[in-house]
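J.: Taken in order, these protein sequences are the chains called A and B.
All residue numbers for the first sequence refer to the working numbering, where the first residue is 1 and numbers rise by one.
All residue numbers for the second sequence refer to the working numbering, where the first residue is 67 and numbers rise by one.
I should point out that these hints are in silico values taken from the structure, not numbers from a laboratory.
It is possible that some hints are incorrect.
[As the list claims (entries may be wrong)] Lysine-lysine pairs mimicking DSSO-like chemistry, simulated, CA-CA at most 30 Å apart:
id	chain 1	residue 1	chain 2	residue 2
1	B	K355	A	K5
2	B	K115	B	K188
3	B	K170	A	K6
4	B	K170	B	K184
5	B	K360	A	K6
6	B	K188	B	K162
7	B	K162	A	K5
8	B	K184	A	K5
[Stated by the list, open to error] Residues from chain B that keep clear of chain A, each with C-beta distances beyond 10 Å, as calculated:
id	residue
9	E192
10	I300
11	A319
Note that the Cβ used here is the ideal one computed from N, Cα and C, for glycine as well.
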Amino acid sequence: MTDDKKIRLLLLISAILTALIIFYNVFEESIDIDIVRYLDRRIHYESVISKKGLSLHEAKHWRKKE
Amino acid sequence: MKRLRIGLLAAVALSFFIGQWFSLSISGKAPDGKKLLRDMAPDLNFGQKSGMPLHYESEGYIAFNSYDLVPSIRGYAGPIKLLVLMDRESFIRGIKIIEHRETKNYVHFMESPEYIAKLIGKHPAEPFQQGMDIDAISRATVSVDALAKTLKESSRLAASGVLGINVKDVARAGAFDIRPFVYGVFFIVSLAVYFVTRKTAKYQVARDISLAMGIAILGIYLSSPFSVLHLFSIVLGGFSSSALFYALIISVALSVIAAGRFYCGWVCPFGALCEFVGRLPVRKWEVSKNMDEKWRLFKYIILGLVAALVLISGRLDYGNYEVYVTLFSFHGSFLSWVLVFLMLAANLKVKRFWCRYLCPVAALTGLISREDSGYVSINNCPMGNPTNPHISECIRCNRCYKTGKS
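If we strip away everything but chain A, and leave its shape as in the complex, we get:
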């Protein structure tokens, strides 16, 4: 691989990283909230719901089924 190609690759990785950081800055709040919500549901599912033979769904759905 030539030096030019290596630099181009490094520049592309840097550009992608920069774009991802800015993307994360913009969507951080919703991403974090969504992850926390999912984990809450998952934990509740693993400890309570799965034993009732129900699938992983929104909490409202479980309440209706339960």
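Starting from the known structure of chain A, arrange chain B on it as the hints suggest.
T.: Relative to chain A, chain B alone:
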């Protein structure tokens, strides 16, 4: 370069006006205080905001938006707006930070529920002094001070104006802030040394000392390298209470007028780290002139995009990707840290990689650099510049000035 300057200026102006129009059109959709109060105190039923000073009332409690009472108190990048819940004896029973423009890297702990919980139960007659009854947070002194001052003053005014409880206006002991002076002395001495030594390459050690001081003073001690977000904050009307904030902006602006990218070559702590890493005896990659020139424009594109994003959204935190902010605040997302280490390691193979291709401060200072034909870049340029570079790429290291003249 002229076209680039005009294009970027037009993009910034357009973004600003779109942002202003956008913020005006959604001004009626400001955070719903009653909804926030329901989240904070679900058992209480508050009426509409009314009275003088403006406040919400419920049985046994009042609540208010600190910005309605003390709009002039500011942190590093503008006011810190709080929703405060208070009982009839004027003890603080709930706090929510509604809005601020401080850099998250520095204030993430101040926003945490653990930190806020320590302020619950306080009374406006208490001193609200960092290091006494308020926990100080290293690298966030100005923001924490603004939070404490906002909370104390707004609570005091609400207590007297709404509850009729007069709390004595005891002036908080303000410690003399030596930091702007330390920075000012450092900057002026470095600039003076630059001007005295600029026509000779003999005193490169002076620049090395200045760069090392940049890491120690601006990076580690002050933890405040200049960022484009400083400027965007001013454009968005987020004026600061910190003298250091203005010292940074004024010093960089004046130095760009007088000496181009002097800040990058003599003061910037991250630039200094990049340069020192780049001096390690590792074979450098050969960058072809064509590709180098093309990719150097990339930093202007990023600057334009970040300016548009920040000015349209009115959110400074959206544009927070600068590696020196992450490194010297010692806080950032995982991706930010990956970028920091990648940008430092890249200097082993490409001189001042970040400064050449990605740095928004380099783009900004480069755009308005004063022409000086003395710099011809023929003596192992730390920026890897070709001979007779455009002045926007010169960091005034003084290695080539005299050689070019002779």
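J.: Would you mind confirming whether the straight-line C-alpha gap from B:K188 to B:K162 stays at or under 30 Å?
T.: Answer holds: B:K188 to B:K162 is near 15 Å, not above 30 Å.
J.: With the threshold set at 30 Å, check whether the alpha-carbon distance from B:K355 to A:K5 stays at or below it.
T.: holds, 13 Å
J.: Minimum Cβ separation between B:I300 and chain A greater than 10 Å?
T.: holds, 20 Å
J.: When you check the alpha-carbon spacing of B:K162 and A:K5, does it fall within 30 Å?
T.: violated, 51 Å
J.: For a C-alpha distance cap of 30 Å, please report whether B:K170 and B:K184 respect it.
T.: holds, 20 Å
J.: Run the distance test for B:K360 versus A:K6: straight-line Cα separation, threshold 30 Å.
T.: holds, 16 Å
J.: For a C-alpha distance cap of 30 Å, please report whether B:K170 and A:K6 respect it.
T.: violated, 34 Å
J.: Just want to verify: B:E192 was marked as not at the interface with chain A; is every Cβ pair farther apart than 10 Å?
T.: Nearest chain A Cβ is 33 Å from B:E192, so the label holds.
J.: If you draw a straight line from the CA of B:K115 to the CA of B:K188, is it 30 Å or shorter?
T.: Answer holds: B:K115 to B:K188 is near 23 Å, not above 30 Å.
J.: With d taken as the least Cβ-Cβ distance between B:A319 and chain A, does d exceed 10 Å?
T.: Nearest chain A Cβ is 25 Å from B:A319, so the label holds.
J.: For the pair supplied as a hint, B:K184 and A:K5, confirm whether the alpha-carbon distance does not exceed 30 Å.
T.: With a Cα-Cα distance of about 55 Å, the restraint between B:K184 and A:K5 is violated, given a limit of 30 Å.
In summary, the numbered hints that this structure violates are 3, 7, 8.
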